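J.: The lines below spell out each chain.
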Amino acid sequence: MSLWQYANPVKFLHLSGKIVPTLAVLSALSLVISLYWGFFLTPDDYKQGATVKIIYIHVPSALVAINAWFMMLVTSLIWLVRRHHVSVLASKAASYVGVVMTLVALITGAFWGQPMWGTWWAWDPRLTSFLILFLFYLGYIALWAGIDDPDTAADLTSVLCIVGSVFAVLSRYAVNFWNQGLHQGASLSLDKEEHVSDVFYFPLLLAIAGFVLLFIVLTLVGTRTEIRQRRARALLARSKG
Amino acid sequence: MIALLIRDLRLAMRAGGGFGLSLAFFLIVVVLVPFGVGPEMSLLSRIAPGILWVGALLACLLSLDRIFALDYEDGSLDLLATSPLPAEGIVTVKAIAHWLTTGLPLVVIAPVLGILLGLPQQGYFWIVLSLLLGTPALSVIGTFGAALTVGIKRGGLLLSLLVLPLYVPTLIYGAELARRGTQGLETGTPLLMLAGITCAVTALLPFASAAVLRINLR
Amino acid sequence: MSLQVSNLSVSRGGRTLLEGVTFDVDTGHALILRGPNGLGKTTLLRTLAGLQKPEAGTVHLPEEDAVYAGHLDGIKATLTVRENLMFWARVFGTQSIDRALRTFDLSDLLDRSGGMLSAGQKRRLGLARLMVTGRKFWMLDEPTVSLDQASVAQFADMIRAHLASGGSAIMATHIDLGLGADVRVLDLSAFRATTPKLHASEEAFL
Chain A
1 MSLWQYANPV
11 KFLHLSGKIV
21 PTLAVLSALS
31 LVISLYWGFF
41 LTPDDYKQGA
51 TVKIIYIHVP
61 SALVAINAWF
71 MMLVTSLIWL
81 VRRHHVSVLA
91 SKAASYVGVV
101 MTLVALITGA
111 FWGQPMWGTW
121 WAWDPRLTSF
131 LILFLFYLGY
141 IALWAGIDDP
151 DTAADLTSVL
161 CIVGSVFAVL
171 SRYAVNFWNQ
181 GLHQGASLSL
191 DKEEHVSDVF
201 YFPLLLAIAG
211 FVLLFIVLTL
221 VGTRTEIRQR
231 RARALLARSK
241 G
Chain B
1 MIALLIRDLR
11 LAMRAGGGFG
21 LSLAFFLIVV
31 VLVPFGVGPE
41 MSLLSRIAPG
51 ILWVGALLAC
61 LLSLDRIFAL
71 DYEDGSLDLL
81 ATSPLPAEGI
91 VTVKAIAHWL
101 TTGLPLVVIA
111 PVLGILLGLP
121 QQGYFWIVLS
131 LLLGTPALSV
141 IGTFGAALTV
151 GIKRGGLLLS
161 LLVLPLYVPT
171 LIYGAELARR
181 GTQGLETGTP
191 LLMLAGITCA
201 VTALLPFASA
211 AVLRINLR
Chain C
1 MSLQVSNLSV
11 SRGGRTLLEG
21 VTFDVDTGHA
31 LILRGPNGLG
41 KTTLLRTLAG
51 LQKPEAGTVH
61 LPEEDAVYAG
71 HLDGIKATLT
81 VRENLMFWAR
91 VFGTQSIDRA
101 LRTFDLSDLL
111 DRSGGMLSAG
121 QKRRLGLARL
131 MVTGRKFWML
141 DEPTVSLDQA
151 SVAQFADMIR
161 AHLASGGSAI
171 MATHIDLGLG
181 ADVRVLDLSA
191 FRATTPKLHA
201 SEEAFL
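Residue numbers (the numbering used here), protein chains in the order written: chain A, 1 to 241; chain B, 1 to 218; chain C, 1 to 206.
Treat the hints as calculated values from the structure; they're not laboratory data. Treat the numbers as computed from the prediction; the structure is a model and nothing was measured. Where hints are given, some of them may not hold.
Unchecked claim - Reference listing, derived: stretches of chain C covered by chain B, where coverage requires no fewer than 3 residues with Cβ under 8 Å from a Cβ of chain B:
hint, stretch
1, 48-61
2, 64-71
3, 153-160
Ideal Cβ placement from N, Cα and C applies to all residues, glycine included.
Only chain A is shown next, with the shape it has when bound in the complex:
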């Protein structure tokens, strides 16, 4: 028994089919509770007023956006090393969720920034990095779409993901150097000074859990779809002979 047995597409379909409904319910529950808690049961911030509440969407989506890319990096590496189809298809599925999360983070950030900083957009390092991340997602998705042969597409997008990751990190440093920005410190730092206060903290944690679960559910469903597509293709090829 090894974990890799679930890399078999058929086994993966079987297992993921069982856990997706549970995860989906959990995700919906935590999202509903945390957003209700956050929006209606927490006080307004003394400085930022009610606008602070966008934090319950902004921070989790931004977190997922970055970690989705990180997951893609890992699954792409697994594909290149071990040639497990599920891995690379999960990478592809995650990219769609990731690009939407990046966009959500950018848009909610703009809505938050407008009343706080008086501008929808600033070339602040974090904002800029997210914009660059968005471009990386677009490139990755476009490369998948541009290639017919699925294995070639898998190989090329995986290499792009790895090379892109290196450049994304480089860009992050470059952008930091280029402009020290407006963005507030981390919302979730262990450093007590910087940290948001507990009233906001717990619903935020729950919201993050909800977003992560949502990401997992959507990625699993997306991967299942990709696997089914490949399966249909294989069946069609076989029946044609």
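Since the structure of chain A is provided, determine the placement of chains B and C on it from the hints.
T.: For chains B and C alone, coordinates are given in the frame of chain A:
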């Protein structure tokens, strides 16, 4: 390898080789900017390093799809891949040839275009230095993008989409070096970072380029 | 023993085309591949040339010994015949292109640019490339396409001379070149993959 370099340089110089195209494109970008932002010389001279860098980058981008596409279409790339040259060698030579026919001319012409933008006196040295250090990285990264999209029909636009985010660090440090130098600020960090990026991508990226080239040829 | 192929399976576009392909080609011998269009002759040759990985089976070929010529000749339109040929000579580390020029009557065209050549002349230039590589083992995909009768005869002469000098060749062609006893013909139809047969990477999804 030398033979391949000579052939590529020769092809670039001959009719239809596209040698002058990127230079002309660079010229057009620089000429168009004042029409867009207004003729005020003080503004232009302030943004001149940035315009020159963005213009050079776009001109470089424009010529990338020629790196492999022509050899792919006429079958030379298959023959090269089965020749004694290692794929890593081929992509390195291609990047060098691209730099010699695109990057280097851009470096040479940049100071001339600087005049049009009212680049301050001390800026000429820095714009040439920063482009000289940065354009090799643009060629090497671009070769990776070209190798990635070589099998895709009309992959030019996709190539741009893939390469542009990869160009961000080089552009930031390069333009920053030129800007700081022009304004007489401290230049150590961007200088080192730019040189570091160029060295690192030249040393490492050919392996990735060769890998994707092999994938695309199979 | 120059080339040994055993139990080779090749695939294209997610489908296995040929399987169990087994043959040897000795030095001084040639093998002609036959079979209907779409059977996988080109794919087999590309696999032997190392451009794609075999699906299964093994290919034994001394390294640095083979040269491949596909459907396209890789001729640069803006380079002259001499420049085109010299380029390949340098890539393969040989210097003389005279013998190749003589064999294919290209001496008169030496300074003509590649773009001005007719289809048949281009093909002759593409075949002349084989001679300047100095490689022993030639893999040719439809080498006689667009050649006239005289050129086909030149080509046959070239192959004979090549085999006589200890070289060998494997080619996909439908033309009878009259090469004599050193040549075997292999009909690949016998190795056609039994339908339905999918590429392992498609198989994984079933």
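J.: Next, verify each hint and record whether it holds.
T.: Comparing the hints with the structure gives:
1. 48-61: holds (count 5)
2. 64-71: n = 7 at 8 Å, threshold three: holds.
3. 153-160: violated (count 0)
When held up to the earlier numbered hints, the structure conflicts with hint 3 and nothing else.
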